Amino acid sequence: MLTFVVRRVFQSALVLLIVGLVAFSMFRFVGDPIDNMLGQERTDADIARLRTELGLDQPFPVQYVKFLKGAAEGNFGVSYRQGRPVSTILVERAPATLELAAVSGFFAITIGIGLGVFTAIRRDGFMANMIMSVSLIGVSLPTFLIGILLIYLFAVELGWLPSFGRGDVVHIGWWSTGFLTASGLKALILPAITLGLYQMTLIMRLVRSEMLEVLRQDYIRFARARGLKERSVNFRHALKNTLVPVITVTGLQLGSIIAFAIITETVFQWPGVGLLFINAIQFVDIPVMAAYLMLISVMFVGINLIVDLLYFAIDPRLRVDQKGAK
Amino acid sequence: MKRALSILAVASALGGPVLAEEFKWAGTTDPQTMDPHAVNSAPVLGFLNNVYEGLVRRGKDMSIEPALATSWEPIGNGEGWRFILREGVTFHDGSSFDAEDVLFSYQRASNEVSDTRSWFSPVSDVKVVDAYTVDILTKAPNPIFPDSIANWMMVDKGWAEANEAALPDKENGNYATLNANGTGAFMVSEREPGLRTELVPHTGWWGEVEHNITRAEFTPVQNPATAVAALLSGDVDMINPVPIQDAERLAGSGDVQVIRGIEARVIMLGMAQESDVLKYGDDEGKPNPFKDARVRAAVSHAVNVPAILKTIMRGNAEPASQLVSPAMRGYSNANADRPAFDQAKAKALLAEAGYPDGFSFGLKCPNNRYLNDEAVCQAVTSMLAQVGMMAQLDAMPVQNYWPELRADNYDMYLLGWSPGTFDAEHPIRFLASTPNKEKKLGSWNFAGYSNARIDALLPMIQSEIDATKRQAMLDEAAQIMQDETAYVPMYVQPLVWGTGQNISLTQRPDNFFILRWVSVN
Amino acid sequence: MTLLTIEDLSVHFPTRHKVFVAVNEADLTVEPGEIHGLVGESGAGKSTIGAAVMGLLDRPGHIAGGTVSFKGEAISGRDAEAMRSLRGAKISMIFQDPLTSLNPLLTVGQQLIETIQFHLKLSEGDSRKRAVELLDRVGIPLPEERIDMYPHQFSGGMRQRVVIALALCSEPDVIIADEPTTALDVSIQAQILELIKELARERQTGVILITHDMGVIADTTDKVTVMYQGAVVESGATEQVMGNPQHDYTKSLIAAVPRPTLKVHRFPQLSYGGRSIEFHIDDLARNWQKPEPSKSGTLLKVENLTKTFLQKGALIPSRRKYFKAVDNVSFDIRDGEVFGVVGESGSGKSTVARMIATLYETNGGKITFDETEVTALSSNRDLEGYRRQIQMIFQDPYSSLNPRMRVDEIIAEPVKHHKLLEGAAIQHRVDELLDRVGLGSEAGRKYPHEFSGGQRQRISIARALATQPRFLICDEPTSALDVSIQAQILNILKDLQEHLGLTMLFISHDLPVVRQMCDRVGVMRQGQMVEVAETEELFANPKEAYTRELLSLMPKLEGLSTEGLKDEII
Amino acid sequence: MSDQTSQSAPKSMFARAWDSDFAYKFRRTPVAVVSALVVALLVLSAVFAPLIAPHNPFDPASLNLMNGFTAPMAANEFTGDVFWLGTDDQGRDVFSTILYGMRISLFVGFSAVLFAMVLGITLGLIAGYVGGWIETIIMRAADVQLTFPAILVAMLIFGVAKGITPIEHQDKMAIWVLILAIGLSDWVQFARVVRGATLVEKDKEYVQAARMIGRGKGIIMLRHILPNVLSPVLVIATISLALAIIAEATLSFLGVGAPPTQPSLGTLIRIGQGFLFSGEWWIILFPSITLLSLALSVNLLGDWLRDALNPRLQ
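Chains as they are written, first to last, in my numbering: chain A, 1 to 326; chain B, 1 to 521; chain C, 1 to 570; chain D, 1 to 314.
No lab work stands behind these hints: they were computed from the structure. Please note: incorrect hints may appear among the correct ones.
Every beta carbon over 10 angstroms from chain B, so not counted as near; a handful from chain D, in silico [claimed, not checked]:
hint: 1; residue: L63
hint: 2; residue: L65
hint: 3; residue: M66
hint: 4; residue: D89
hint: 5; residue: I134
hint: 6; residue: D203
hint: 7; residue: S231
hint: 8; residue: L276
When the alpha-carbon atoms are kept at most 30 angstroms apart in a straight line, the in silico DSS-like pairs for lysine-lysine are as follows [claimed, not checked]:
hint: 9; chain 1: A; residue 1: K229; chain 2: C; residue 2: K556
hint: 10; chain 1: C; residue 1: K446; chain 2: C; residue 2: K263
hint: 11; chain 1: D; residue 1: K204; chain 2: C; residue 2: K419
hint: 12; chain 1: D; residue 1: K25; chain 2: C; residue 2: K419
hint: 13; chain 1: C; residue 1: K446; chain 2: D; residue 2: K25
hint: 14; chain 1: B; residue 1: K469; chain 2: B; residue 2: K279
hint: 15; chain 1: D; residue 1: K217; chain 2: C; residue 2: K416
hint: 16; chain 1: D; residue 1: K25; chain 2: C; residue 2: K366
hint: 17; chain 1: D; residue 1: K25; chain 2: C; residue 2: K301
hint: 18; chain 1: A; residue 1: K240; chain 2: A; residue 2: K229
hint: 19; chain 1: C; residue 1: K494; chain 2: D; residue 2: K204
These numbers come from a predicted model, not from an experiment. Don't be surprised by glycine CBs; every beta carbon is placed ideally from N, CA and C.
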């Protein structure tokens, strides 16, 4: 198992390196940061001077190696836009995104699994079919439109929830949390739903189909044949087996929640890393973009690793070596 | 602290004496720095106008009025200007303001690494006469110099040096990037770059307080629909801008008021006049028709500006006939009419120029720079198509747009220009002069428009002190550009702000939001 | 007192076109301590009866008529809650496949304790004690350690014992065992059946043993009920029914069972229900181009054949673990003979066949075919000539035909690949082959799923004959088939050898079948060839201990009627 | 499965298809029938847009800006023209724009899915069948691909394409870049499913039979394995189509979608969301309803397919 973790980490590092290379090579095409950094009365000499200062005149591999060296030391450079170390900015922004992702992930997983189990057990029931059909609306409209509609309904028309932002936050060390204030919690509701809806639908449908698959396995029939209660059969026996394949997909979904947050954060002006990234694109803030992509990759790789380890925890077939009576 | 304030706010809502007036506003762009000399851009300078002050400032009508200088006068025969400084002014940190700070601010703002350097290109020297008198000497007589330094803000020498911010540092940032110490009516109490900036009144401010704000918070909101929703739901008290299409309905809704004005920015079409061939469209590689003034004139007749104003701008904008708006100094009243919308004439002109069947070309356009820029370009595309000029429209985000223009990748393009000096000379210098790197002329003249008479007029305009003679030259320049259709000015961009019903404020044409004119009722 | 009484039970599955009658007015009773066999071919409705009694019918199946009573009390038609109180508590069930009957994520103990607690309302500790006792009773060594293990840590036979322990948790009065030994090796099968017999006797439990295997019925059951197409055709004491069947179906079914003690020339065709087929292998012989017999008389020579599989991968070669599937195996196959290889699962017999078929690469040893050293040929082109002369018939008729290809395409594929014929001649060959194996040429325009298992196996044979090979590898060609279908296929294979002079390698785990089919037999165990001998010699005089053990486990089937066989006995 | 079933004479293709259990199940599921009808209606009206639409919104010369913002079924105050579903800010007939926009959306959707499918199936087949280090490389590449969430991939590709295409072709490339970007972010799931199915199929005896004949790897993969792994691919493809159409809309929101002169449904919604508060509800409502019906129907169809093609759920 240790070998496994080591190998995984090694592979992950490779993945990160490639991600970095790919990402970095692409930035050259996103736009030119110079125009955003100089006012309208700039001269060509100013442009040339700034280019040299930023190292943009150097060949791409040199820039990449420089970036990697810095990144290895946790130094992602200085934001072109804000003139501050990117790492500081990321640390400042990450809590907002992580809290949003956590809440919507929680929402997606709990409701998704709950509804998935429900629709699987009541496979042909009216309610189950309704839920299945209605849930598809969540994946049939673009996220940004859902967000805007929610704002329109709950913030503008009904006035129940704030239309944007994170509300009041409380700082605990470097971490800023919106969990501890009423306005912070209220502000979380709409973005979390917007962000989680899509993942919830996917998880729900996955749980349903896996559960249906499991429910027709022999060991479920055998459990029924032993007269065990439906609830025990459905939850103790079926659900746990359902979760094994669900975990992978859910892990991947959680990763994409953080990426999808870009859109939600833009619509709700949520002060997280996604919004930061969109702004960075707008202003061609290359160091921020690079660091963001690395951050996303690290999270993704981390989640993948956790998912793999979860497998070990949940599935004894992977845990034990060739011991026992074979 | 925030908690305490919100408790206060609750107390006031409960009917106690109105002590705390919180004001929240939203704009599209966060000021990227708090350093007044690092970046010469409207969001930064507009915001910092509330925190820092210059020797002079602009009033509600854009006129120059005394600020940190109480008076100024020309020295000799146009050798420079003498400024008498206001006494008893203190910075936010309590230190006092004097001539040394002016000299320091000059050195800081005119340094090579400062983005504001170009303002001081006419300046030859700055001399401290005494603690409250400063002489600014110019290389040539410069009648509009005081007008050109309204955004030159005073920084405390002691503070800057103590915090190792004697020079702005745009690339790596320094103390002044995040902190501010001005003399203005408000001080920055909290700053989270890109997220929110909180201001509180400067109790030791020298001026007469017109506002009743106890705390103000600025939040950048990019998505226009979100901003409108925030205004409607009362989450913010003011937004800038209101999407033009929403203005009318918001004004009619009763919950909010819409404040409309005309900005200094003129939106125009530029056409490649240097390139020998067309670069885009089906006629790519063929001779460039835009070199012919008749074709350019045909464009100006083919664009139905009234229709654009009526629909896309919803009656909020004014047509433009020249590169500056009527509110600017040096506006040419003699050339106030723009070419009429006349498709027949446009076709005739095209035929005359040898293009009876029109031609195909490429139109580049930003899609997030000016109000409804993309929609305007689309409308222009269809209007030109109706007279046979088939434009292939390529709209892109502004970060990709400028590099394209710099690389001359266009046949026609959309440009907005707001003269930083609020004077008609400014666009001539940047847009109409033959490009010249050494003299730093025509740096935004992507089109490559070139006219010897205009080039000759510019230095004369710059140094002419007599207002009438100067205006005559400006009129001549405007006339030439209109005759040759150097650009096709279309309209002056509108200013549309939205506020809650309980807010009163003053809107200035430069789109600067001046907090000290705001009151919450 | 009769434990379970089934009267006039009908189970219907409404489908699109008609109502499928899975069980038609069946009767059955089970007494305490009695093992009641329920036998029939696939689709006879025997498993459906078990599911109906348990209330586990798959939708849309339902009990359409009749009653099921437990100790005189009707239990069919009760609501789900009432059924559950009986299920598990009074009636238990054992499923066919021990690999899938246990929840892989719970320990054996957790599953046992849960069931015991639920039914017997014991405390956690008592339940555990009882679980250990049960494991001990079903013959699991070291039950106290084993109880905390997961199902995957048990072997197949052990798992089936755990399944039985689980079925016993509630001390049921009736156990329904649905093909409990079908997935197991012969040696283990015997142990499990013995266990079931013991338990029935000891606890006076009534057992319904559902099986297709006549051997199991004859050796284990007290009473037997024979089913055909949903209906009970005959019922009575086992000896009575097996030794003196009254119904035609029972007679022909028993006649089709290969006997370990008798060798037959051909199996009698199952005459009941118009299911006999006409095939004419002899007609094929007319156009068959018989090759020159090999000079030495030996067609295929296998010398020191070895195959290892990677069991556990690792970066460092020395830490990798390998498993020797075939270990230094040698044998010859003479021209025109049928050579059998027998062994239990995992003995390596199929691996040998696949190496000869060039499906696996060898890790050592030589295969020589008619003087050509096959193992020395490396490129596909060099192998073409060899491949044209060998063909294979696979075990599973459902997976051995590509479901997305038309039958004529399937049969024509080897002909086209080897460019043996062109144009209309290909279609002609295909039509002829289909005709000869009794399917008719129009079968070529259909897809495999439109055929039954036996028909598919005949399609496989047609494909194997398409290139007019000299050598045929049959890998358990009948083990997935019902006994009557098996008889058909074995008859065809016998014809192939007789009329076309084909040489065959016949892989099987079923000794009676091997005895019917093979001229010589090799016995394999754990990758090694234990013994090679003439078939009759081997059965009469086994030399090795392992061979003797295998033979002793073989059901003797002595009580079975030989009525329909008499003409064919050699 | 008795012998009798095989005795019936072969029927015509259509009759067999109509008579198949699959078609029967379909006819018996109202949701599936309605969804299929909606999809068919929308696809047909998109394909025949030039014949159905009253205007050609992609022809700039035909537009009259003064027709802008005309409400549905109301006469324009300047021109007196009436439009069924009103007009947008450019004076384009919303109904026509939706039809033409749907063409683009469907084209992008179908092409992107096709691209993802071809790429995913090819790599999945090779990974599953050939195995070894080739498989390792492909599946690692899939991991890296997954690390980049779809919208990021699309945004980056958009940037790169802008950078590397010759300037004179840039205006035409947006659609192709969308296809490439969406396709590239979507191939992994095809590859994973196909690889999984291939691993199962390659051990089946019919594949061994083909190998015994001496069939080459390519033929076995294409002729034998591919047809047998297509069912799950079909399900994924259907759902991917809906996803691709939505993804196109999302990218459009981020400013990297179809150009506004040739708007897709997504671009229309992006443009329309600017008029949400201004009272011109029809500019966003009708394209949104169209997109919703399209995506919802395709999803419902995919859902039904998933259950119908899963032999174990019958």
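Consistency of the hints with the structure:
| no. | hint | in the structure |
| --- | --- | --- |
| 1 | L63 | violated (4 angstroms) |
| 2 | L65 | violated (4 angstroms) |
| 3 | M66 | violated (5 angstroms) |
| 4 | D89 | violated (5 angstroms) |
| 5 | I134 | holds (39 angstroms) |
| 6 | D203 | holds (52 angstroms) |
| 7 | S231 | holds (42 angstroms) |
| 8 | L276 | violated (6 angstroms) |
| 9 | A/K229 to C/K556 | violated (44 angstroms) |
| 10 | C/K446 to C/K263 | violated (37 angstroms) |
| 11 | D/K204 to C/K419 | holds (25 angstroms) |
| 12 | D/K25 to C/K419 | violated (43 angstroms) |
| 13 | C/K446 to D/K25 | holds (22 angstroms) |
| 14 | B/K469 to B/K279 | violated (42 angstroms) |
| 15 | D/K217 to C/K416 | holds (16 angstroms) |
| 16 | D/K25 to C/K366 | violated (55 angstroms) |
| 17 | D/K25 to C/K301 | violated (55 angstroms) |
| 18 | A/K240 to A/K229 | holds (16 angstroms) |
| 19 | C/K494 to D/K204 | holds (27 angstroms) |
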